[in-house]
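Model the full structure from these sequences, guided by the hints.
Take the sequence shown: its letters are residues 12 to 277, numbered as in the numbering used here.
If you're looking for bench data, these hints aren't it; they were derived computationally from the structure.
Please note that the accuracy of each hint is not assured.
Each pair of labels, with its calculated beta carbon distance range [what the hints assert, rightly or not]:
hint: 1; residue 1: Asp22; residue 2: Arg221; range: 19 to 29 Å
hint: 2; residue 1: Gly148; residue 2: Cys120; range: 29 to 39 Å
hint: 3; residue 1: Ile262; residue 2: Phe67; range: 31 to 41 Å
hint: 4; residue 1: Leu255; residue 2: Ser145; range: 25 to 35 Å
hint: 5; residue 1: Pro116; residue 2: Ser42; range: 34 to 44 Å
hint: 6; residue 1: Leu68; residue 2: Phe117; range: 32 to 42 Å
hint: 7; residue 1: Tyr27; residue 2: Ala71; range: 46 to 56 Å
hint: 8; residue 1: Lys61; residue 2: Leu26; range: 23 to 33 Å
hint: 9; residue 1: Arg221; residue 2: Ser42; range: 26 to 36 Å
Cβ atoms here follow ideal geometry from the backbone N, Cα and C, with glycine treated the same way.
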Amino acid sequence: MTKRIPLIARDLKRLYTGFLIAAVVLFVVCSLLTGFNVMTLIQNGDAFWKFITEDFLPPALPKASRIPGVLSSVLVTLALAMSSTTVAAILAFFVALFGSEKVSPFPRCAKFVRGFATFLRNIPALVWAFILFSSLGIGTGVGFVALCITSFAFMVRAFVETMEDVSQDCVESLQAVGATFPQRVAQAILPSCLNGFLSWFLYCVEVNIRASTIVGMVGGGGVGLTLFSYIKSFRYDIALSIILLIAAMVIVVDQITSRLRKEILK
Numbered sequence: 012m013t014k015r016i017p018l019i020a021r022d023l024k025r026l027y028t029g030f031l032i033a034a035v036v037l038f039v040v041c042s043l044l045t046g047f048n049v050m051t052l053i054q055n056g057d058a059f060w061k062f063i064t065e066d067f068l069p070p071a072l073p074k075a076s077r078i079p080g081v082l083s084s085v086l087v088t089l090a091l092a093m094s095s096t097t098v099a100a101i102l103a104f105f106v107a108l109f110g111s112e113k114v115s116p117f118p119r120c121a122k123f124v125r126g127f128a129t130f131l132r133n134i135p136a137l138v139w140a141f142i143l144f145s146s147l148g149i150g151t152g153v154g155f156v157a158l159c160i161t162s163f164a165f166m167v168r169a170f171v172e173t174m175e176d177v178s179q180d181c182v183e184s185l186q187a188v189g190a191t192f193p194q195r196v197a198q199a200i201l202p203s204c205l206n207g208f209l210s211w212f213l214y215c216v217e218v219n220i221r222a223s224t225i226v227g228m229v230g231g232g233g234v235g236l237t238l239f240s241y242i243k244s245f246r247y248d249i250a251l252s253i254i255l256l257i258a259a260m261v262i263v264v265d266q267i268t269s270r271l272r273k274e275i276l277k
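What follows is the structure, encoded as structure tokens:
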């Protein structure tokens, strides 16, 4: 009699089964709490596909006189993401120096710095845009500040974690010979952490390219505002062309930044 050898260990199989059951139960509970009904979605599927095929497809180009304006808004979105990320990275670097207990000259303040960054990071850029919209009005200023706040908070935590992973031997050696805080940062922290900083910066650029489009739709300027104007005027075919343009822009930026990160981390 041949003995069957299971492809997956019994304990691991039980664990996967437990996760599956928990996911199904969680889905049912969330559906009941939110009033979501799968059958309603299936019944309205025809209306959805009719809307897509008749209103969105095929994509159409805006008037020739408006094409330069659309392309200009794309460049504004790219500039918005790059500028906000750059300013946020510079500010985050100096704040992160005081957020790392191993580096900060005031270790007791490190927890407060990290807590403040966590608080800012937990508020999405879209919410910041709504808050700033009432005071700054429509324009790229809203998008810049909203993206800058969220990027700053994210990179403070990322930079702090990068500094925490640095070996303390070099820092302690410099401290033992009487090096000042700026000298320890320049001679030990920057050479060891620069690649990590640049990698996080490029990742944040990727995130902000997408986020700047969403923020732009609520008044932050750029291609998001242009897209929203066509959606409000029910020109969904032109809106689809802009969506495809945004998708192409995001893919190109992702490919470039991913390759740069791989080169940096080599």
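Each hint tested on the structure:
no., hint, verdict
1, Asp22 x Arg221: 19 to 29 Å, "violated, 40 Å"
2, Gly148 x Cys120: 29 to 39 Å, "holds, 36 Å"
3, Ile262 x Phe67: 31 to 41 Å, "violated, 20 Å"
4, Leu255 x Ser145: 25 to 35 Å, "holds, 33 Å"
5, Pro116 x Ser42: 34 to 44 Å, "violated, 53 Å"
6, Leu68 x Phe117: 32 to 42 Å, "violated, 60 Å"
7, Tyr27 x Ala71: 46 to 56 Å, "holds, 48 Å"
8, Lys61 x Leu26: 23 to 33 Å, "violated, 44 Å"
9, Arg221 x Ser42: 26 to 36 Å, "holds, 28 Å"
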